[in-house]
Amino acid sequence: MWALEIRLSLLMSKNIQSIFIMIKKDLLLEFRGKDILVSVPIFGFLLIVLFNFALDVSPNISNHVAPGILWVSFAFAGILTMNRAFVRELEQGGLEGLLLSPISRDAIFISKVLSSCLFMFVVEIALLLALTIMMNIWMFSIVLVVTVLLTTLGFTTLGTLFSAIAVQTRSREVMLPILFFPMVIPILIAAVEVTSEVIAGQFIGIGKWLPFIIIFDALFLLICPWLFGTVMQE
Amino acid sequence: MMTQKAVIVNDLCKTYANAPVLSRVNVEIDWGELVVLFGSNGAGKTTFLRVLSTRVRPDNGTITVAGYDSRTKPNELRRSIGVVGHQGLLYDDLTASENLKFYARMYGLKDVQTCVSRCLELVGLESKSGSKVRTLSHGMQKRLGIARALLHDPMVLLLDEPESGLDVYSRDNLKEILFKWIERGRTVVMTTHSVDIGSGWATRTLMLSGGQINDVQT
Chain A
1 MWALEIRLSL
11 LMSKNIQSIF
21 IMIKKDLLLE
31 FRGKDILVSV
41 PIFGFLLIVL
51 FNFALDVSPN
61 ISNHVAPGIL
71 WVSFAFAGIL
81 TMNRAFVREL
91 EQGGLEGLLL
101 SPISRDAIFI
111 SKVLSSCLFM
121 FVVEIALLLA
131 LTIMMNIWMF
141 SIVLVVTVLL
151 TTLGFTTLGT
161 LFSAIAVQTR
171 SREVMLPILF
181 FPMVIPILIA
191 AVEVTSEVIA
201 GQFIGIGKWL
211 PFIIIFDALF
221 LLICPWLFGT
231 VMQE
Chain B
1 MMTQKAVIVN
11 DLCKTYANAP
21 VLSRVNVEID
31 WGELVVLFGS
41 NGAGKTTFLR
51 VLSTRVRPDN
61 GTITVAGYDS
71 RTKPNELRRS
81 IGVVGHQGLL
91 YDDLTASENL
101 KFYARMYGLK
111 DVQTCVSRCL
121 ELVGLESKSG
131 SKVRTLSHGM
141 QKRLGIARAL
151 LHDPMVLLLD
161 EPESGLDVYS
171 RDNLKEILFK
181 WIERGRTVVM
191 TTHSVDIGSG
201 WATRTLMLSG
211 GQINDVQT
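Protein chains in written order, with the numbering used here: chain A, 1 to 234; chain B, 1 to 218.
Chain A with its partners taken away, still in its complex shape (with noise of 0.2 angstroms):
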């Protein structure tokens, strides 16, 4: 028993050890490469001032449209995000070398979905501030900053799953979210409900979607590992 405990603490170790030095890989890769950090808060900006033009936004329906302009951005966004993750390591010849290494399917998965948890995050403050200045919401609130982080956290992982299986499909750009936004559309609305309660300054709904958010989290944080190892296996 005792053994057992220290190699598992010794393989937790390991893995943790290999995930922090992809993410540092990915972070170095997206410094040289500027794929996400310029294009996508540029793409998610041009999309809050179409909402904004279209739904001729004045300030007595702002606190209505407000959520849906934000995660309408959030999830076009994202995408693109989500897209770079694995076309990077594809174009690159990096995954296969990642797949040769001695480390477990697992810690590759949780890598990607940190990093690309990283750079989402960077480009939703971007969005939450470019939104603040442009609809006069303080979109800063804790609760709706908890929120942002439990549903991109939810998304990056479901992302990163059908990331890996789309881009071993010929027209993986198209592929990514006819798959995917299915699967995320349930955390995505619990994220739009919450963002309406916190806007209009009523908590009720947030005591049933927050953990709808949570729980859809660590459903997906156990099983796409899972499903990740057998992806990615030829």
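Be aware that a few hints might be false.
Stated by the list, open to error - To spell it out: a stretch of chain A is covered by chain B in this simulated footprint if at least three of its residues, at any positions, have a beta carbon under 8 angstroms from a beta carbon of chain B; those stretches are:
(1) 24–30
(2) 85–95
(3) 99–105
As the list claims (entries may be wrong) - Result set (DMTMM-like, lysine to aspartate or glutamate): computed pairs, CA atoms no more than 25 angstroms apart in a straight line:
(4) B:Lys128 / A:Glu30
(5) A:Lys24 / B:Glu98
(6) B:Lys132 / A:Asp35
(7) B:Lys73 / A:Glu96
(8) A:Lys14 / B:Asp153
Hints in this document: simulated from the structure, not taken from any laboratory. The beta carbon of each residue, even a glycine, is placed where N, CA and C say it ideally should be.
With the hints as your guide, set chain B onto chain A.
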């Protein structure tokens, strides 16, 4: 883990889209052998190496490399092998040295800098350590891919047409590296289309045809 045989393949079968690529393949490879696998295009040489490296799951059969079963101990098996494929398996936006350091850390090597310098020197790329991979020629990328495969001092090297894209000097250098490798009791399994290389480098020659692997008498 030094076992009696470096590679043991039993009843290996692999089918793609109902077309059998490998059918009941049985091969045993000893330590210290440099095995060259011949076969026509599409015969299944790359598939065979990919099955050995755990990247392709066989439909049937067992594979043991360096004493590790591919189904029960895949990570240990991967730690014991070095793979050179058609691609260098390198990140274009990282430098030669950064790529090797990344992989060295992934393999949990202790003295990363020494390992990286040694491998770059081995393939004659020490002057290119600070160059991004995308700026290197195809041949240099191939040599860097070989350095990546040697980095963790693997027990078994799996090379898929390693000579392609290499100039004469680099081929001689690769031959020297592989000969030193087998002198240390390590094993090399490689595929090639070059009969010269097959006959000049191999200690044992195999032919993959009709999904079967047979020894070639030379």
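Taking the numbered hints from earlier one at a time, note which ones the structure violates and give those numbers from smallest to largest. none
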